[in-house]
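Asker: If you read the protein sequences in the order shown, they are chains U and X. Oh and the first sequence: position 16 is 16 in the numbering used here, straight run, nothing missing. Oh and the second sequence: position 145 is 145 in the numbering used here, straight run, nothing missing.
Accuracy of the hints is not assured; some may be wrong.
[What the hints assert, rightly or not] Cβ-to-Cβ under 10 angstroms is the rule here; a few derived chain X residues that face chain U:
id, residue
1, Leu73
2, Asp92
3, Thr95
[To be verified] Here are the simulated BS3-like cross-link-like pairs (lysine-lysine), alpha carbons at most 27 angstroms apart as the crow flies:
id, chain 1, residue 1, chain 2, residue 2
4, U, Lys186, U, Lys291
5, X, Lys121, U, Lys10
6, X, Lys154, U, Lys245
7, U, Lys10, X, Lys17
8, U, Lys31, U, Lys196
9, X, Lys187, U, Lys261
10, U, Lys31, X, Lys93
11, U, Lys196, U, Lys67
12, X, Lys187, U, Lys202
13, U, Lys67, U, Lys10
14, U, Lys10, X, Lys154
15, U, Lys261, U, Lys10
16, U, Lys291, U, Lys203
17, U, Lys186, U, Lys10
18, X, Lys121, U, Lys203
19, X, Lys37, U, Lys67
20, X, Lys121, U, Lys196
21, X, Lys121, U, Lys245
22, U, Lys261, X, Lys154
23, U, Lys186, U, Lys202
Hints in this document: simulated from the structure, not taken from any laboratory. We put the CB at the ideal spot given by N, CA and C, even for glycine.
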Amino acid sequence: MENNRFELNKNLAQMLKGGVIMDVTTPEQAKIAEAAGACAVMALERIPADIRAAGGVSRMSDPKMIKGIQNAVSIPVMAKCRIGHFAEAQILQAIEIDYIDESEVLSPADDKYHIDKTAFDVPFVCGAKDLGEALRRINEGAAMIRTKGEPGTGDVVQAVRHMRMMQSEIRRIGSMSEDELFDAAKELQVPYDLVKYVHENKKLPVVNFAAGGVATPADAALMMQLGAEGVFVGSGIFKSGNPEKRAAAIVKAVTNFTDAKLLAELSEDLGEAMVGINEQEIELLMAERGK
Amino acid sequence: MRIGVLALQGAFIEHEKMLAALGAEPFEIRQEKDIDKAFDGLIVPGGESTVQGKLLHELNLFNRIRDLILSGLPVFGTCAGLILLARELENDKQTHLATMDITAVRNAYGRQLGSFYTVEKFRDIGEIPMTFIRAPYISSVHNDTEILALVDGKIVAARQGNQLVTAFHPELSDDTSVHRYFLDIVKNTL
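This is chain U alone, in the form it adopts within the complex:
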């Protein structure tokens, strides 16, 4: 085995498992997140709820702002680029970001092609609604997958839908006979080898986190019980009444996600949760970007 960047990048995602990755917009927030037990932070100028409220085109964050956050914490720092915007990704690689999120939260730069992530040395995480999307992103070089959910809503329904969809499709592939896999590959629009991997291992070839709409310790525990290997929390923390306490509670909920008694204690006195918007009230479905 040579110095294989894809392997090393998948390995970093393995180290993040069982953890919470938090959206932060300033070095101060990054420090709060790290102190609360975040296993990584996502540096961005505006959290998804504010992107939603502000409207307009939303782009990669100012590298200076990202560097400020890199200097503030010792945990891995991630940042988002637009779908298909490989020049933004090149810039993020140049400032030695630990992980790039090719994200539907930002306005897509390309409505047909995602970034060829195999051309990069730094790892990418990508969103997916179902198994086909996940395997297409992995084929393009993504070293980690997250459900898309619906970012900036505080409504977990779509993250649940995407995680359930992914898990049920993995079970379906897992129970197929070998000669059915060729057709499954055609149907999912992905290479046969990836389908075969899922068939044999009953899981994705990379780590799979939940994201999009997680706002409470109970939401995090729900996603973990549905099979997530960790959780991204975006707007849910710094749009709430007591970010420090809520962040720490979500971290503990992810570690002990089946202990209902502990979850009850963690859910006490967290202050105001983010208000959120219901699925029916959403004008812009970010999860429909990039398939």
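Using the hints, position chain X against chain U.
Answerer: Just chain X, lined up with the frame of chain U:
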């Protein structure tokens, strides 16, 4: 052999699989009641040391686990686990279990672009694959701590009594030799 794997955050499942393949009996430690029943060895896995260190305290595991290690329970720390066991950290005032006489450097190879794979000699084992992910290294060892492996002149594995640490991740390869080495330490205490 019952081996507890600290399962607060990080790559603990990889260790459990390797232990099970070697015939040991792994179990996860997520909260206090998990360590009520006696066990023979402990693995502190890779992940983020800041997260694991904080959760050790908040889940009331810190003192009990530290006392067990100080009273001779065999322990094996990989990457973040090495940081948790180190008595001193060059670039961080915050130490954690601090049971082993080593001085370590966090994120010593820089960010993810500095992560690498190599094959190097491990004392008493021979050449083994080594995967370093945002890894630390040991800048110096003290008292009776022995050096077990070097990469480019930096200490990447060490042992003091029943405490074993590696800056790399043996659990990410198919090579089980370091885990067997640890289980031999455990066997000698039984």
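Asker: Next pair to validate is U:Lys261 with X:Lys154; report whether the Cα-Cα distance is within 27 angstroms.
Answerer: 46 angstroms, violated
Asker: Quickly compare the C-alpha distance for U:Lys67 and U:Lys10 to 27 angstroms and report which way the hint goes.
Answerer: Answer holds: U:Lys67 to U:Lys10 is near 24 angstroms, not above 27 angstroms.
Asker: For a C-alpha distance cap of 27 angstroms, please report whether X:Lys121 and U:Lys10 respect it.
Answerer: 25 angstroms, holds
Asker: Just to be careful, I want the Cα atoms of U:Lys261 and U:Lys10 compared with a cutoff of 27 angstroms; is the pair within it?
Answerer: Violated. U:Lys261 to U:Lys10 sits at ~34 angstroms, over the 27 angstroms cutoff.
Asker: Take a quick look at whether X:Lys187 and U:Lys202 sit within 27 angstroms of each other, Cα to Cα.
Answerer: Given pair X:Lys187, U:Lys202 is violated - Cα atoms ~34 angstroms apart, limit 27 angstroms.
Asker: Would you check the hint for U:Lys10 and X:Lys17, treating anything up to 27 angstroms between C-alpha atoms as holding?
Answerer: Roughly 18 angstroms separates the two Cα atoms, so the pair holds.
Asker: Would you check the hint for U:Lys186 and U:Lys291, treating anything up to 27 angstroms between C-alpha atoms as holding?
Answerer: 16 angstroms, holds
Asker: Please work out if X:Lys187 and U:Lys261 have their alpha carbons no farther apart than 27 angstroms.
Answerer: 37 angstroms, violated
Asker: Take the C-alpha atoms of X:Lys121 and U:Lys203, compute the straight-line distance between them, and say whether it is at most 27 angstroms.
Answerer: 34 angstroms, violated
Asker: Verify the proposed pairing of U:Lys186 with U:Lys202, using a straight-line Cα cut of 27 angstroms.
Answerer: 19 angstroms, holds
Asker: Would you mind confirming whether the straight-line C-alpha gap from X:Lys121 to U:Lys245 stays at or under 27 angstroms?
Answerer: Violated: X:Lys121 and U:Lys245 sit about 46 angstroms apart, past 27 angstroms.
Asker: Below or equal to 27 angstroms on CA atoms is what counts here, so check U:Lys186 against U:Lys10.
Answerer: This hinted pair holds, its Cα atoms lying about 26 angstroms apart.
The structure is inconsistent with the numbered hints 1, 3, 6, 8, 9, 11, 12, 15, 18, 19, 20, 21 and 22, although it conforms to all the rest.
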